[in-house]
Every structure is written in C-alpha cells, then in structure tokens.
Amino acid sequence: MAYSDKVIDHYNNPRNVGSLPKEDPNVGTGLVGAPECGDVMKLQIKVNEESGVIEDAKFKTFGCGSAIASSSLATEWVKGKTLGEALAIKNTDIVKELSLPPVKIHCSVLAEDAIKAAVTDWKKKHGDGLTS
Amino acid sequence: MDYFEVFGLPRQLGIDTLALEKTFHELSRKYHPDYFTTASPSEKTQAVRMTALLNDAYRTLRHPVRRVEYLLSLYGFKPDSSKVPQALLMEVFEINERLEEVKGGTASVEEADSLRALIKEKRKRFDAELQQASLEWDELVKSGQPEAKLNEQLARLTEILSESSYIRNLERDLGG
Ligand code: FES
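For the protein sequence lines, the chains are A and B, in the order given. Residue 0 is where the first sequence starts when you use numbering that gives the first Met the number 0, and the numbers rise one by one after that. Residue 0 is where the second sequence starts when you use numbering that gives the first Met the number 0, and the numbers rise one by one after that.
FYI, nobody ran anything at the bench for these hints, they're computed from the structure. Think of the CB as a built atom: it goes at the ideal place given N, C-alpha and C, for glycine as much as any other residue. Among the hints, erroneous ones may be present.
[As the list claims (entries may be wrong)] Restraint-style ranges between C-beta atoms, simulated for each label pair: (1) Glu20/B with Lys124/A: 51 to 61 Å; (2) Glu25/B with Ser98/A: 45 to 55 Å; (3) Asp79/B with Lys21/A: 24 to 34 Å; (4) Lys124/A with Glu151/B: 33 to 43 Å.
[Said to hold, decoys possible] No farther apart than 27 Å at their CA atoms in a straight line, the calculated lysine-lysine pairs in the DSSO-like style are these: (5) Lys102/B with Lys57/A; (6) Lys21/A with Lys82/B; (7) Lys124/A with Lys89/A; (8) Lys57/A with Lys82/B; (9) Lys77/B with Lys89/A; (10) Lys21/A with Lys115/A; (11) Lys121/B with Lys102/B; (12) Lys102/B with Lys21/A; (13) Lys82/B with Lys45/A; (14) Lys78/A with Lys45/A.
Could you build the full structure based on these sequences and the hints that come with them?
Below, the structure written as structure tokens:
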C-alpha cells in the first residue's frame, strides 16, 4: 500500500508520543481498539480547568502506519482547543488531511474515538455537567 | 448459496475437517473444467463459478475462527470497536508495552519468557472459550431454540471473537 507523504511524515516523526500521568485529575485518557485488525491506541489530554482548553496531548499507538499518523495528527489538532472544539474533530477531517485510502478509514475512526474517550474520561473526573 | 450450503452442511460450527476435505475434493472433481470441455458456454461459466465458490467456502469453513466469523456475518453480526471491553484493551496495551521492551532489548530474559508464557496462555483460553461457545451454538440450533436465544449466542460469539485479532497481533509481534 502506498502511504501518502503526510502519513510517512507522521509515521517517521510522530508528534507528542508518550504518556501523561493517568491519575492526574486534569488528565483525560482514552484507550480504544479496532477489533478488525487488533490495533490499540491511547490518547491523553491535559486540560486547563479554568479555561477548559487542552494544554497538552500525548499518544501511544500499537498499530498500522495510518493509525499512528492519525493519532499523531489528532494530538496536534486538539492542542489549544477547547473540549467542545476537540469533540468536533471528525474522522473524515483526518482522512482528508492524510489522504487515507478507503481500507484505512477505520484507523482514522479509531483516532476520533480516542479523542472522544479522552474527553469523556476527563469529564467523568470533573463531574459530567462541566463546560464542553 | 452460502458456504454451508455449498457443502450441504447445516449452519453449525462443529465441523469434521477430514470429512470436509473429502467433500471438497469430490466437489472439486465434479466441477473440474476437464469435465466441461464439451459443455455449453453457460455451463462452463457456471462450473468455473462453482469452483471459485467452493474454494472460498473450503478455505473459510476449515478454519475454526474464520468459520465463526463467517457464521456471524450471515446473521449480520460483526466485532464492533465500541464493544471491546475496556479491561481487554488495558491488558493488550500493557502487554504491547512490555513486548516493546522485550523487542528493544531492554528487558530481561525472564521477562521475555514470562511474556511468551502469558500470550500462550491467552491463546489457550481464547481457543477453549471459542470452542465452548461454538458447541453451545450447535446445541441451540439442533434443539430448535427461538431466535432470541440464537441471537444471544451470536452476540456471545461476537464478543469472544473481538479478542481474536489482538491475540494474533501479539503472537505476530512476538515472532511466533
Ligand atoms: S489497520 Fe487497523 S488501525 Fe490501521
């Protein structure tokens, strides 16, 4: 399969690889997996409690190149965004940016799911009714 | 015609693979192009189509995991990423992290061995669970249970199957 240049770039120089302390009350963790291929992805966000802005994001993905690129891009995109803005990121945006072929769409879905799961986790730590 | 029908089998998961192989060879002979040299073009195409279908059916049904996957697809069931249990993901993620260290050469020999044993154990448990649930499915079908019961079991099989690709990846990454 021919990966696009952007996928290769993220794959070779993934942005924001790593972990944030899971127990930190300001950190939300999303852990998702795609059963069709067995890839797993962890995406974490650190949220400023006052402004509701995502200050930092990290990911770690055990999976295909597209999944790594999608999650790397996702961490870049969510940084500096509010939770609401982060939730508005759609997998189709990722597909477009990385020019993913149809068979790799589920990899981008995984990244969208990971953002949602991380936000949900953060909200759970802060009581559901908070700003989004 | 679905794959079970190709072999004249009921939609059950307990399949005698030796018998399956035998039927496969018999049917392959029956549809072999050599027998159709004097047949009409439409009969020839039909025979070619049957041969292709037969090959797909055989490859799918002889494999215990693919067999279950196929059965589920007949009923519209499919492993769903939103239903993978969080505990499983956590475990898989952790094993992957340990595996990374083993591959990177920073882990001890004992760690590598214990990881290998752990993955082996997971495979064993998975195979046993799948086999058990497959047997249960066959029992339900044979005793003519209502659809609700069957669906319950299909959901159970789907849940078990969602673990399959994770284990396969871990085995692959471990290098067999
Ligand atoms: S192939 Fe499954 S996440 Fe890319």
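- Message: Looking only at beta-carbon atoms, does the pair Glu20/B, Lys124/A fall within the given range of 51 to 61 Å?
- Response: Check passed, 56 Å falls within 51 to 61 Å.
- Query: Would you say the C-beta atoms of Glu25/B and Ser98/A sit inside 45 to 55 Å of each other?
  - Reply: Holds, at about 49 Å.
- Message: Just to be careful, I want the Cα atoms of Lys121/B and Lys102/B compared with a cutoff of 27 Å; is the pair within it?
- Response: 20 Å, holds
- Query: Between Lys57/A and Lys82/B, does the CA-CA distance stay at or below 27 Å?
  - Reply: 24 Å, holds
- Task: Sort out whether Lys115/A lies within 27 Å of Lys21/A, counting only the CA atoms.
- Result: 16 Å, holds
- Message: Check whether the Cα positions of Lys82/B and Lys45/A lie no farther apart than 27 Å.
- Response: 26 Å, holds
- Going straight from one Cα to the other, do Lys77/B and Lys89/A come out at no more than 27 Å? 23 Å, holds
- Agreement of Lys102/B and Lys21/A with the hint, judged by alpha carbon distance not exceeding 27 Å: With a Cα-Cα distance of about 25 Å, the restraint between Lys102/B and Lys21/A holds, given a limit of 27 Å.
- Message: Tell me if the straight-line CA distance from Lys78/A to Lys45/A falls inside 27 Å.
- Response: Holds: Lys78/A and Lys45/A sit about 9 Å apart, inside 27 Å.
- That 33 to 43 Å hint for Lys124/A and Glu151/B (C-beta), does it hold up? 35 Å, holds
- Query: Are the Cα positions of Lys21/A and Lys82/B separated by 27 Å at most?
  - Reply: 22 Å, holds
- 27 Å Cα cutoff - pair Lys102/B, Lys57/A: Cα-Cα ~22 Å, so holds.
In this structure, none of the earlier numbered hints is contradicted; all agree with it.
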